[in-house]
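> Here are the chains, one letter per residue:
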Amino acid sequence: MGVLTACKPPAQTRQHDDAAAQKRGLKLMETKGCGACHEIPGLNWPRGQLGPSLMRFNDTGLIAGYLPNTPVNLAAFIRNAPATKPGSTMPAMPVTVSEAVDMAAYLQGGGRD
Amino acid sequence: MTEGLAGALWGWPPPVLDPAGPYADSVTVLAWALFAMGVVVTGIVVAALWVALRGPERWRRVLGGEKAVWIGGVAFPGVVLTVLLIWGLTLTASLTKPITGDEMRIRVTGEMWWFRVEYLDAAGNVVMRDANEVRIPVGVPVVFELRSADVLHSFWIPHLSGKLDMVPGRTNLLRAEATRTGQFGGVCAEYCGGPHALMGFVAIAKEPEEWQRWFDARVAADSVQPLAAVSTTNPQLAQGRELFMENGCAACHRVAGTQANGLAGPDLTFMGDRATVGAGILPNHRGTLTGWIGDSQGIKPGNRMPSYDRLSAQQLDAIAAWLGQLK
Ligand SMILES: [Cu+2]
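Chains as they are written, first to last, in my numbering: chain E, 1 to 113; chain H, 1 to 327.
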C-alpha cells in the first residue's frame, strides 16, 4: 500500500480544480450511464457493482491498479480503457476528449460529496 | 444522444408544455385552459373569503344568503364544468378516433416493466418487431394499438400525444403525430408494481424518406436476418453469440435468424440500433450493455431478467459486443 500511495502525484500537478468542469463531469457521468457499472459520488442511481466503486477516487494511487492517477492518464483511460491498460474489461466509451477530461476532473476533484 | 428517462421528463419547458405535433397541441391547449380556470376560481374563492372575514356588512349578508349559494355553489360550477367537459372531450376526441383506412399502425404491449413493439401492415399482420422504442415518420399520423400482457400500464409520450391506459384484454387506440424530427421520451404513466418508475421508451421521429429506407431494411432483416453468419468471423463476436445461446438468454429473447426465439423479454434482433438499454433508462453503448447483463437487478431492482454476475467480465463484454453489432 505504501508503494501505491507513493505513486500518487503531488497535489500541485493536478490542475483540475475548475468547478465548472467538475460540474459538467458529474452531469456527463450521469447521462453516459457510467453508473451502470460503478458507484459514483453524487449519483444516487444507478450504483452499479460490476466495476470498482469510484468513491474517493482522489485518494486512489493507481488507475485500475496500473497507471499513475494523473488527469491525463485518467481521461485517456475513461475514453479507451483497453488501449490504456491492455486487457482491461472496461470497454472504450463513446465520449470525446474534452468530455473525458471533465469526468476526470470530477473524479479527481475529491468527490465533492 | 439520449438521456433515457431523464431526457423524457426533465428540462424546461417540461415536455407537456412543449408539444411537437397536433395531437399534443390539443392536450396542451386544454391544460392551459384548465390552469386558467383554476386561477379564476381560486381568485373568486379568495375574494369571497376576504368579504366574509373583513368585508362590509351589506356584502357579507349577500354572500351568506341563499341566493349566493344557489348561484355560486350550484349554477356557476354546473355550467362551467359542463362546458369544460364538452369542450375538452371534443378537443381531444381526435386522439382516440378509430382506424379509418391506411394509417400507419404500431402495436405496443405493456409488459412488466418494458414495452413490446410490433409494426403492423394495413391488414394487421406483424411485419417487424422491436422493443422500448418506436420510430415514426414526421408529418404522418400514427395509430398506436395499446395492449397489456399483465397489469394496467399507461402509454405516454408527452411531446406527441395524450396518455392512454394499456388494459389487459383490450386494445386501446391512441393517435400521435410529430411535426418535427427528434427524439422524444415516453413513460409508463400508471403504477404497475416494482420498478414501474424505471419503465420508459423513446419515440424517434425521422424525415419520411429516411424513415421509409430504415423501415424497409428492418422489415427485410426481421424475416431473414443474415447476422448469424456475419458474426462468426470475429472470435470475440462468435464467443458472445455462443454465450448468448448457452446461458439461457435465447430462451427469453428473440434474435431473428438465430435459434434464439424467446418471448419473455424484449426482442434483441436490432439491439445495437436501439437508443436505450433497460427500457428507456440508460443510453445504449457497450458499457451500459455489459453493466445491464451482469447486474440488471442492481440497475433495475425487481425486473424479470436475472443478473448474470456469474459470468466473467470478459464473457459479459463478449456478449455485449455481439449484441451491440445487431443492427
Ligand atoms: Cu408502470
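Any given hint might turn out to be false.
[Said to hold, decoys possible] So, partial list: chain E residues that the calculated Cβ filter (under 10 Å) puts toward chain H: (1) CYS34; (2) HIS38; (3) ASN58; (4) PRO86.
[Stated by the list, open to error] Okay, the calculated bits of chain E under chain H, using three or more residues with CB under 8 Å as the criterion: (5) 18-25; (6) 45-57.
In short, the hints are calculated from the structure, not lab data. Just so it is clear, the structure is predicted and the values come from calculations on it, not from any experiment. For each residue, glycine too, the CB sits at the ideal point set by N, CA and C.
> Hint by hint, note whether the structure agrees.
Quick rundown of the hints versus the structure:
1. This hint holds: CYS34/E has a C-beta 7 Å from the nearest C-beta of chain H, less than the 10 Å allowed.
2. At about 9 Å, the closest approach between the beta carbon of HIS38/E and any beta carbon in chain H falls short of 10 Å, and the interface hint on this residue holds.
3. The restraint placing ASN58/E at the interface with chain H is violated, with a minimum CB-CB distance near 22 Å, outside the 10 Å limit.
4. Nearest Cβ of chain H to the Cβ of PRO86/E: about 13 Å, over the 10 Å cut. The hint is violated.
5. By the rule of at least three residues with a Cβ nearer than 8 Å to a Cβ of chain H, the coverage given for the stretch 18-25 of chain E is violated, with 0 such residues.
6. Coverage of the stretch 45-57 of chain E by chain H holds. Counting CB-CB distances below 8 Å, 6 residues qualify, and the rule asks for three or more.
Hint compliance for this structure: hints 3, 4 and 5 are broken, all remaining hints hold.
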